[in-house]
Each structure stands twice: as structure tokens, then as C-alpha cells.
Amino acid sequence: MRKGLSLFNVTSLVLGFAFLYLPILILVIYSFNDSRLVAVWGGFSTRWYAALWQNQPLLDAAWVTLRVAFVSATVATVLGTLAAVSLVRFGRFRGRTLFSGMIYAPLVMPEVILGLSLLLLFVAVDLDRGFWTVTLAHVTFTMCFVAVVVQSRLVTFDRSLEEAAMDLGAPPLRTFLTVTLPIIFPAVAAGWMLAFTLSLDDLVIASFTTGPGATTLPMRIYSQVRLGVTPEINAVSTIFIAVVTLIVIAASFAMKRQFVADCTRPA
Amino acid sequence: MSNEASASRGRALVVLVPYLWLLFFFLVPFLIVFKISLSDDVLAQPPYAPVLDLSAGWDGIREFVAALDFENYAFVLGDSLYVQSYLQSLGIAAFSTLILILIGFPIAYGMARSPRSWRPLLLMLVILPFWTSFLIRVYAWMGILAREGLVNQVLVGTGILSQPVEILATNSAVVLGIVYSYLPFMVLPLYAALDRLDESLLEAAADLGAPPWKSFWLITFPLAMPGLIAGSLLCFIPAVGEFVIPDLLGGSDTLMIGRTLWTEFFSNRSWSIASVIAVFLLIVLVVPMVLYQNLQARSLEAGK
Numbered sequence: 001m002r003k004g005l006s007l008f009n010v011t012s013l014v015l016g017f018a019f020l021y022l023p024i025l026i027l028v029i030y031s032f033n034d035s036r037l038v039a040v041w042g043g044f045s046t047r048w049y050a051a052l053w054q055n056q057p058l059l060d061a062a063w064v065t066l067r068v069a070f071v072s073a074t075v076a077t078v079l080g081t082l083a084a085v086s087l088v089r090f091g092r093f094r095g096r097t098l099f100s101g102m103i104y105a106p107l108v109m110p111e112v113i114l115g116l117s118l119l120l121l122f123v124a125v126d127l128d129r130g131f132w133t134v135t136l137a138h139v140t141f142t143m144c145f146v147a148v149v150v151q152s153r154l155v156t157f158d159r160s161l162e163e164a165a166m167d168l169g170a171p172p173l174r175t176f177l178t179v180t181l182p183i184i185f186p187a188v189a190a191g192w193m194l195a196f197t198l199s200l201d202d203l204v205i206a207s208f209t210t211g212p213g214a215t216t217l218p219m220r221i222y223s224q225v226r227l228g229v230t231p232e233i234n235a236v237s238t239i240f241i242a243v244v245t246l247i248v249i250a251a252s253f254a255m256k257r258q259f260v261a262d263c264t265r266p267a
Numbered sequence: 001m002s003n004e005a006s007a008s009r010g011r012a013l014v015v016l017v018p019y020l021w022l023l024f025f026f027l028v029p030f031l032i033v034f035k036i037s038l039s040d041d042v043l044a045q046p047p048y049a050p051v052l053d054l055s056a057g058w059d060g061i062r063e064f065v066a067a068l069d070f071e072n073y074a075f076v077l078g079d080s081l082y083v084q085s086y087l088q089s090l091g092i093a094a095f096s097t098l099i100l101i102l103i104g105f106p107i108a109y110g111m112a113r114s115p116r117s118w119r120p121l122l123l124m125l126v127i128l129p130f131w132t133s134f135l136i137r138v139y140a141w142m143g144i145l146a147r148e149g150l151v152n153q154v155l156v157g158t159g160i161l162s163q164p165v166e167i168l169a170t171n172s173a174v175v176l177g178i179v180y181s182y183l184p185f186m187v188l189p190l191y192a193a194l195d196r197l198d199e200s201l202l203e204a205a206a207d208l209g210a211p212p213w214k215s216f217w218l219i220t221f222p223l224a225m226p227g228l229i230a231g232s233l234l235c236f237i238p239a240v241g242e243f244v245i246p247d248l249l250g251g252s253d254t255l256m257i258g259r260t261l262w263t264e265f266f267s268n269r270s271w272s273i274a275s276v277i278a279v280f281l282l283i284v285l286v287v288p289m290v291l292y293q294n295l296q297a298r299s300l301e302a303g304k
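Chains A and B are the protein sequences, given in the same order. Here the first sequence is numbered in my numbering, starting from 1 and rising by one per residue. Here the second sequence is numbered in my numbering, starting from 1 and rising by one per residue.
Simulated from the structure, these hints should not be mistaken for laboratory data. Fair warning: this is a prediction, and the values are worked out from it, not measured in the lab. It is possible that some hints are incorrect.
[Said to hold, decoys possible] Far from chain B by the CB rule (all over 10 Å, computed), these chain A residues:
(1) F44
(2) N55
(3) L59
(4) T74
(5) A105
(6) A124
(7) G130
(8) L161
(9) L194
(10) S207
(11) G211
(12) P212
(13) P218
[To be verified] Chain A regions said to be covered by chain B (calculated; three or more residues, Cβ under 8 Å):
(14) 10-23
(15) 146-158
(16) 179-190
Positions of the beta carbon are idealized from the N, C-alpha and C atoms, including for glycine.
Next up, chain B with everything else stripped away, as it sits in the complex (with noise of 0.2 Å):
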């Protein structure tokens, strides 16, 4: 065999032993989840039906065709819970978003400002966090907000209330977990873009005498835009099939879609559902998904 034969086959191997990977365990999983949607529940091992029975031939299969419908959609989009649930992950998944922005712009903000031989260790502070366990941070507000949690008791403590108030298990408790537990994925996209801002485009606009503030919203906040977009798309996606917040944080009247796909499979033991509320969330979040891929494949490019 030649050398040229043999780099080629090397080449190949190299794809695809990750391609077939990804593609039997993520791509095939997904079309499977698309055919439980279209199955019906039944008290069997596996608990949903028609088993595809490729010994019967093409009549099992014409068979196993004919059985599938689309009984499951008109039946969650006849229900306002499920409705519900997606409205509410929407809403709750922007609104902390936004928060985050708001949160998060200051400090990446002063993290560039900040003098190079900090920024080593400013960057490994936002990381930290990130590394540590996701569930154990969530876990950590649970004692701070509960009723007899240190917020309250500061709060009665110093006067400000007379009466406790009830923070756990409300809609502002999620967004807070989702704020706190997202704030690292704001950060990094934000500091990376303001990082590589050009420094005498701000000079020259103090040279023609625009003040801070404008060439802040001229210059810095365009500039910042690409990851500014990153980091909105980074917390958003994740934050609106998010089940261990809503389930931690949030009360019973928490509609959180990620919860509600949760229940259904362990407590109602409906996989057909479950797989009707996953097929429906990967729709609502496919535009943003593909957004969000495309600007992670151009900043790439920009890398090179």
C-alpha cells in the first residue's frame, strides 16, 4: 500500500470514529424520541406501542406505520399545562437573560479595564464557579432564601421587614438560580469581545471630543455586540429546558417545561408524552440553536 492509501485511511478513521459516535448516540436517540411521540402508553416492558417487529417483515412494518398518529400533539396542545409550561419557561428564560446582561456587562466590562497582569486570575475567578457542581450552588441558595434562611433573617433582623417573607419556591427564586448559575457563560463571551476591543478607537474618539458616555454607546457597546449575543444565546437555550432550578427553586405554580417533561416521565410514567414535550422544545429552540452555532463557526474562522 502506498503512503498516500494509507494517510487517506488514517484521514477517514479520524472522522469517523466521532461521526458514527455522534450519530448513534445523538442523532438515531433523536429520531427514536420522535417515533415514541407518535406511539401510544401501554403496561408493558418497553411501556409505550407499536414495538417495531422487523421479523414480520414489510407487513410488520406497514403494520407498525399504520399505528403511529399524531394523538399525543393535538393532546398537549389541548392542555394549558403544557401550554403553560412553555410560555412560562420562555418568559422566565428572557427576563433572566436580561438580567443577566445587566449583571454581567459591568463585570466583564471591568475585568477589561483591569490591569493585564490581573486578568489571569479575575478570568479563573468567573471559571471557578462554573467547574464546581451546578447542583450544589442551586443547592446553596435553598438554605439562604428559606423562610428561616439568612435573607430573611437579615432582613427582620435589621428592621426592613417585621414578618419573614416567603422567597423560596416563587418564579423570583428560579430566576435568581438561573442568574447565579449562569453568570460565568454571560461573562467569558462578553470579556473575550471586549478583550479584543482596539484601544485607539477609543482614543481617537476622546481626540474629537466625544464624551465616555458616547463613545461607550458608539464604539464599546457594538463592538460588544457579538458577545453580547453569545452569551444571551449561552443562557437562554439551556435555561429554557432547565429542570433542576425550576425543581429546587421554584414553587408547585412553577411551570418550567424541563420540570414538566421530568414528571411526566418519572411520576406519570408517560414516555410518549415526555417524548411529545422534547419534540416540541427542540422546535421552539431550534432557531436559536442554529443562530448559535453559526456565530461559534464564524468566531472560530475569526480566530484562524
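This is chain A alone, in the form it adopts within the complex (with noise of 0.2 Å):
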């Protein structure tokens, strides 16, 4: 590609980034409107974040949220980190196509195909609905976009390193802990990421896969919605975005370029 923006590309990056960013930033803006109504700006306040820690079913939410990431974002990425390795270095084993199918159809299937399957499902083994089943169906979808950003990153790796281990006599499970995973960590480290973060913001499944007593952030946020903008709503949403956000930045920092290129790779 020749170097040097035309006034044309220059153009289009402003207003594509815009179109991008511009709802997002009117959404946190109003959420520091003094005023309910949605069309009037009655000032600043911070008011509707006071009283989003007077809302106990939303907190309740919130915490069953985080704890359901956290467990099938740690599950899925061992699930996808294996997934990877197998399709990668065990060349063509029995039912290799079948596995590589049911990693790359999650990421496109529509939710409520996956969620609709996975409650028929745990209705047919009589699993009491909740926490659990949410945790299982996160992991299940996740682990694949797991599995697709550490794939691309050992396709690109240097086997030699490893060959190296083995012909010093380090067992198999050694050459991975010592030698492939350090090097393959930042992408690792994004497929839990991306998995915390898609389980975080996950409505479709688990709304299909919850239970009594496990209602998920998105759940309550949705049920809130339907019924009109609120600037609570618009509060809980800032804070959303603020904290993934970071997150998000830290970890780029933290895993320079790498991290950026690893986050890409599930488009």
C-alpha cells in the first residue's frame, strides 16, 4: 500500500471513528443529566450513580455476572488453549474435521439457536437451571473464540524452539509449560479476556440457560430497557464501558503490540 492519506481517507477514518464513537460518548453524557427525561439537559449531577448503589437486585446481578465470567472465562481459555493445540501441532487425527467444525460454527451461530440448544439440553439431564448452567454454556461458546486466537498465534510460532526442549530430553507437558506457553501468554491472555468480556455481556444465552436466583446483568439491564431510556441505565452503562475500557488499554500496554494483533484475530 502507498504511503500518504488523501484528503478522501482522511475523510472517511474521521467519520467512520465518529459514527463509532459518538453514541457512546452521548450515552455517558447523559448519564450526568440531572435530569430524567431523556430530550431535556437539566445539569450535571452525579445522581443516578448514587443511587445505582441503592439498586440491590442490580448489584446482585452484577456480582452473579462477574462471577459467572470469571469461572468460564478460566475454564474456557484451558478448553480453547487445548482446542488450539490439537488442531495446530497433532496434524490430522480421527474426527479432525467434525472438531474444527464445532469450533468455528460458535462464533457465528446465531445466540438463540446456541442458547435455545443448550437449555433442551439440560432439561434432558434434569439440571436445575442457574448459576451452573449459564457458567457451562459461557464456557461452551467462549472456548471456541478461545481456541481461534491461540491457533493464529502457534501457526505463526517458531517450532524449532520447541523441537530444541524435546531433543534435550524435556518430557511433552514440560516443553509446553516452559518453552510454548510463555511465548504463546499474550494471546492466551486476550482469549480470556475476550472470553470474560463476551460472558460479561452475554443476554441471548443466558437468558435461555438461567435459573432462579441467577439473574445476570444484561438480563436486568434488558428487562429495564424494554421499558425506555433511563439515565440509571445510562450510569450502569458508563461504568461498563469505563472499567472493560481500561482493561482493554492496560492489557495492550502491558502486552504491547502483540495484544493488539491477538485481540484481532477472531475477524
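Work from the hints to combine the two standalone chains into their complex.
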């Protein structure tokens, strides 16, 4: 690609990023609106944030969501990394096509299908619905994202390092833990974070697979949003956006460019 | 035990754990969906019949199979509500994908032409919205598009319109919501394809006297094609089954299949009809999904 931005390039970048960021910016600004009405600016206020701390159902939902996200992201990272290693390192084993099909399909599969099918499974095996069923469901769809992220890192990996370790007598597990894992670590971390935020964000699959006492934050937000726009929801959203943004920026500084590259892999 | 044997057992374990997980939590559930799509709704727990009773032995299984039928399929195909839902979903998703290409291509192109030192930052800016909540980003548009929302305020305030117009609760709002939510999925693969483009090809074309538009059309565009196809599939397939966007931004006449499935399940409590809808949706999407998977596998091979 030839260097140098034309006026057309600059305009499309500016308009593109404005389109991506203005709605979020407006949402954040209105979370500080003193007026309850969306259309009227009633002055600056943080009262909606203060009100959040009184909203016990919302806080409970946030706690459930964080726990589900933490547990499911951790399990999904282990399973997804194993899946990536199998696909990249083990050549053509029996059933490989089906395996890679099951890894790629959930990335684009409409969530209503995943949610419905998992719920029917949980009913069929008579599992009590709640925290664990949501967590199992989240592990299943997020492990595929982890697998894709880790897989593309493994593909570009210099295998001679692993071979050297094996030649020196290191058993496979030790080679993986001391040579492979440290090198692919940024991808594994990116995979964990991706799994974590996908789980935090999920409304549809959680709605199908949840049960009494395990209402997640997106479900709580959704039930209020259906009734219209309220400044409280803007305040929750702003906190959510701020936390995710800080984590992603911090991680990208800690792990430099490789992390940004790894984060973009699923697409 | 020899080292060889323990290594191969270790390998088997590495494959089997995620493999069995996906078989049980991804593949088996589809078989159950298919089975329930052949069942009838009943007022019981679980709310479908027949339920397979293995304790009755062979007779139980025979009875179970005999009670399954395609009645629900005939019902869904015969009702214009469902057929309309499928057609409208495909139409809205296809139109949104087209708009996504028109908006996403200039952005990806601008990114690929920007100085190398800017690119990580620009990439980060494209990814960040994808990491922040999907639900929240759709919600943000509800306030903007509402009758008393920002768009109407600006349009009426500047005198372009004398009356606020209804934007929220229309199909246009749904298309806008899909374009907004899926834009990173279009830009990223396009950018990846454009970034790999060999500059010397464009220089050669320029040296041979090709005007810029011609070298764009004959070199840049065809080489960006894999990215364009990947981005389109990545947006089109989930958009067809989208629930949140049509539910929050669409009107009561916005029939999209994901929303219809949701209503059947949560409001009408018809598990069997919801399952039939899911089966049909899978049939509709299986071709683009296989295409997508082949493309991904090929691009991974190319990365080696």
C-alpha cells in the first residue's frame, strides 16, 4: 500500500470513528444529566451513580455476572488452548474436520440457536438451572473464541524452539509449560479477556439457560431497557464501558503490539 | 510405561477433553433440538411429549419414535408469519451487509494507507467498541433515535424538518443498529487483506501508466476480496438470527426470525415450534457457515 493519506482517506477515517464513538459518548454524557427526561439537559449531576448503590437487584446481578464470567473464562481458556494445540500440532487425527467445524461454528452461530439448544440439553439431563448452567453455556461458546485466538498465534510459532527442548530431553508437558506457553502467553491472555467480556455481555444465551436466583446484569439491564431509556441505565453502562476500556488499554500496554494483533484474530 | 506411550496418551488427553466437551455441549444439543421439533407441546414438565423412557426397553423406544412427526414443520411452513420472518431476516441482513461493505471499505482502506506507526492505535480504536457491551451499544441508539431524541432535536432545530419523524421502531433503525454493531467485524478482515497487499504491484501499475482508479479496481479490489467475503459472512450470518437489535430498535412489524423464536419460546411457551424455527434457521445458514469455515481454515493455512 502506498503511503500517504488522501483527503478521502482522512475523511472516511474521521467519519468512521465518529460513527463508532459518538453514540457511546452521548450515552456517557447523558448519564450525568440531572433531568430524568432524555430530551432535556437539566445540569450536571452524579445522582444516578449514587442511586445505583441503592439498587440491590442490580448489584446482585452484577455480582452473579462477574462470577459467571470469571469461572467460565478460566475454564474456556484451558479448553480453548487445548483445542488450539490439538488443531495446530497434531496434524490429521481422526475426526479433525468435525472438531474444527465445532470450533468455528459457534463464532457465527446465531445466539438464539445456541441458547435454545443448550437449554433443551439441560432439561433433557435434568440439571437444575441457575449459576452453573449459565457458566457451562458460556464456557461452550467462549472456548471457541479462545481456540481461534491461540490457534493463530501457534501457527506463526517457531517450532524449532520446542524441538530443541525435546532434543534436550524435556518431556512434552514440560516443553509446553516452559517453552510454548510463555511464548503464546499474550494470545492466551487475550483469549481469556475476550471470553470474560463475551460472558459479561451475553444476554441471549444467559436468558435461555438461567434459572431462579441467577439473573445476570445484561438480563437486568434488558428488562429495564425494554421500558425505555433511563439515566440509571446510562450510569450502569458508563461504568461498564469505563471498566472494560481500562482493562483493554492496560493489557495492550502491558503486552504491547502482540496483544492488539491477538485481539483482532477472531474477525 | 515407555516415554512414547505416555506421550501419545498425553496427546489423546489434550484432544479428547475439548472434543468431548464440544460433542456434549454443542453437537448433542442440536440432536435434542431436532427431536423436540418433532414432538408435541404439552402442559407438563418438561413441556413436550413424548419423553424418551429408556426403562421401558425396546417397546419404550418404539413407542417414542412412533409419536414423533413432522406436523410442526407443516405448521410453520403453512403460516405466513414464519415465512415472512425468514424472508425479512434475510433481506435485512443482506441489505445491512451491503451498507457495511460501503462504510467499512473506506475505513479499512484509510487505515491501511495510514503511517505504520498509527496503525496499532487505529486497530485498537476499531476493536474497543467490539469489547464494550453489545447490548449497551444498541441501547445507546434508543436514546438517539427516539421521537424526542438527539437526531430529531437536531433535524427540527435546524429547520430541516418541521415535525419530528419516527425513526425508532422502524426497519431502518434495525439496519442502522446492525451496521453500527457489526462494523468492527467488517473492518478487521478487510484491513487484514489490504495490509498484506504488495505495494510493488501498485507501483508497477502506476509505472505502466494506469490511473489510480484503474489500479484500485484491477489490483486493490480483487486482492481485498478474501477479506471482503470473510467480513460479509461474519456480519451476515449472525445478523440473520439477531434478536437484541430488532427487539430494541425495531417496530412491532419488524419480523426477524431470532425475535420470532424468542417470542415462541418465552411468550407462547411453545418449545416444539421454537425448535422447528431453529432447525429451519440452521438449514438456511448452513451454506454460508460452511463457506465461512473453509475460508477461515484456508487463511490459517496461508498464515503458516
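Item to check | Non-conforming hints, listed in increasing numerical order | outcome: 5, 6, 9, 10, 13, 16
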